[in-house]
Each structure stands twice: as C-alpha cells, then as structure tokens.
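K.L.:
In order, the protein sequence lines correspond to chains A and B. Note that numbering that gives the first Met the number 0 has the first sequence beginning at 0, numbered continuously upward. Note that numbering that gives the first Met the number 0 has the second sequence beginning at 0, numbered continuously upward.
No wet-lab data here; the hints were simulated from the structure. Be a bit skeptical, because a hint or two may be false.
As the list makes no split between identical chains, a pair holds if one copy fits it or if it spans any two.
[What the hints assert, rightly or not] List of simulated lysine to aspartate or glutamate pairs, EDC-like, C-alpha gap at most 20 Å:
hint : residue 1 : residue 2
1    : 196       : 161
2    : 96        : 169
3    : 172       : 161
4    : 185       : 143
5    : 96        : 36
6    : 186       : 169
7    : 193       : 39
8    : 186       : 73
9    : 133       : 72
10   : 133       : 73
11   : 190       : 143
12   : 80        : 189
13   : 79        : 197
14   : 190       : 34
15   : 196       : 26
There are 2 protein chains.
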Amino acid sequence: MIKSCYVQVDRALWTKRREEALKRFLEDIEIGYADRDIIDFIKLVFTKRNVFTTSSCSGRITIVDALYPWLRDESYIVFKKHEPVTVEEVVSIVSSKPLHRFWLISSGPIIHFIAPGIEVACKVLSIAREAGFKHSGIISVSEEGVVIEVVSGTWTSFLLKDGEYVLVNDLNKVVAIANEILIEGKKRLEKLFKMFKEVDI
Amino acid sequence: MIKSCYVQVDRALWTKRREEALKRFLEDIEIGYADRDIIDFIKLVFTKRNVFTTSSCSGRITIVDALYPWLRDESYIVFKKHEPVTVEEVVSIVSSKPLHRFWLISSGPIIHFIAPGIEVACKVLSIAREAGFKHSGIISVSEEGVVIEVVSGTWTSFLLKDGEYVLVNDLNKVVAIANEILIEGKKRLEKLFKMFKEVDI
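Chain A extracted, bound-state conformation (with noise of 0.2 Å):
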C-alpha cells in the first residue's frame, strides 16, 4: 500500500543538502563539466537565501536510438549538443544504422530547484510559469525539502531512421526547426533569469 510521502522539511538538512550542491556545481566548472549556457544563472540561484538547484540544464539537441523518445534506461545518446547543431552533425549520425530508432530531440531547459517550505515552492513555481515554463510542478516534498521541477513545454522529437529506414526527408528543415525550438528554450531561460534577479527569495 502506497504511504503518504509528505513530510516537513528539516531545515538543517535542507541547509546541508544546500552546501553540498554548492559544491557540486563549483567543481562541475573547475572541471568544465558544467552546462556553460546556465553557469551565470546557477551563481545567481545560489545568492539566494531560501531556494538552491540540483540538476539543470539549459535546453539541447540529442540524438537517441530507442524504441520510444522518453525511454532512458534501454536507450542510447548517441550525440548531445547545448547549442545549435548543423546538417552534417546529424547526417553523420543517421547514415549509420541504430539498434532500434533514431529520434532527433530538441528540448528545453530543465532545472531541479530545492525550496525549504511549500510557500516558496509555490513562489518558484508562480516565476517559472510566468517566465513560459509552464509544464513546471512540485515533484516531491521529503524531510530534504520540496522538489520542483522547471520544465518548458519546448521539446520535440522527430523519427529519423527506424532500422535501416529513413523517415525524413529533409534533414535541412529538421535541423532547422530543431534549432529554433532550442533557441525558444534558451530565450525562456533568459526570461527565468532576468526574473529571477528582481526577485527576493
């Protein structure tokens, strides 16, 4: 039977938790780790008293081979990029053959923000939907602190190649059309920032 996962936040913890991914991401740019289109907006993030990031990305281009577009774990990335890409990246890529598909997706940013209490996931949310990123949603609350995932609705995938068959046929367009839904991404994040510098959280 399913249990209620809802508990208070323990302040301290959340303020250890806080440090450690502060640390993280510091080591992620010494080692250039780091996703360099979201690095000034994590500093930013992290001025901030009552609400720190985990996992973030500033929106990119892969190409998969997988059965399904949203499958991870039998799935393979065969190619990621955080900016624009050009016809002969892919057209590299989809003369080979894949195990199962390749998909072409172009997503949007994605940030994890971890806030001490309901009342400032609430606000996070209300800046993240305001900013266009309105597929954003608190995704768990634990004694850690309250999860809330910031996603825009930016994404796309396109079927290049199932098995040995290729689906499309203009790479040029796809490629086109990918990088605009990229840029789109990138232009909300911009918005986020721009928000979030006026914001008192």
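On the provided structure of chain A, position chain B as indicated by the hints.
P.N.:
Just chain B now, kept in the frame of chain A:
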C-alpha cells in the same frame, strides 16, 4: 513583483468545487462529450473522499496546424481521436496545405486531480509515479485545493508537412508508431486505475 501563491485550502470551498466537477462530469457523459476510455476511472475517483478530478483525457492522437507542437492559441486542431488511427484518416489531411505545419501528436493520458491538502496531493503523486506517470507534479496551491497534474512521458510529435512540403516518406510507419505510443499510455491508465481501486484516499 511576484507574490507567494500559497494559501491554506478552504475545505468548504473544496467540497463545493468537488460537487460542481461531479455535476459537470455526469453532464458530459449524458451528452456524449466525455472521453469514453476514462469514464470508469473518473467514476472510481469520485467514490474517494479526499480527491476529485476536473479535466481529463485518456490519451489521443491529434493533427495540429501550428508552427510548434506545444502551441495552443496560434494552433488549429484539424484532427482528434482517442483511439488508434488509420493511415487513410491521416492521408486525407496531409493532402491539404497547412497554414503553418502539420504535426501528428500522440499523447498519453492527462488528469488533473484536486486534493484538499498537500498530504493527499503527495499521496496521489506517489501513486501516479508508481503507475508510470513520471512527469506528474503539483501545479498550484490555492484555497480551492491543491492541483496535481498527472501525465506520463508517452508523448511524441511527428512533423508531417511544412507548408507545401511533405516531410515524412512513410506514413504507414508513422501511424503504426503513433498508435503504439497511444496504446502504451492507455496501459498506464489501466495500471493507475488498478492502483486507485486499492488505495484508501
């Protein structure tokens, strides 16, 4: 400046909203407006004391004329079906010219649950995740209730046509995969149904 959106739920108001939602649901069934694949599930939800649903969809295949598949306002739904589609149904649309682009979208179930507090909302969230609705979250908290959006990631778009230009070269494959995705979503709804039968909420 953004204000906190968090307020305590007013149980009397929540009960009033529940009654209105039930009335609307029963009317929708009567006029044949309700999505048939989800009626039994919604009926079950209305037997529970601490949760009700407002909008719900069992999953559907649509063809939209829009620049991007996530748009709502500048978008025209030219085809909609809550069951698997045939190639013939799609061909007849693709032969016409879109204002922008034709996207075929196969999406899983979406259900909005309204709980009278965070604890119940977290319980719903936990059940939803267990049933495979991994993109679910609490999307708002107001005096009328806590709104949980339950969605699965079983969503895929296929760009069929950009202006006059047809982009896919095998509609049979696209339709087959779109139908597989729709059915996967309906399976998860079945699982959610079974879990809700057993849960005391």
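K.L.:
Enumerate the violated hints, using their earlier numbering and listing them in ascending order.
P.N.:
Those not satisfied are hints 1, 4, 5, 6, 11, 13 and 15.
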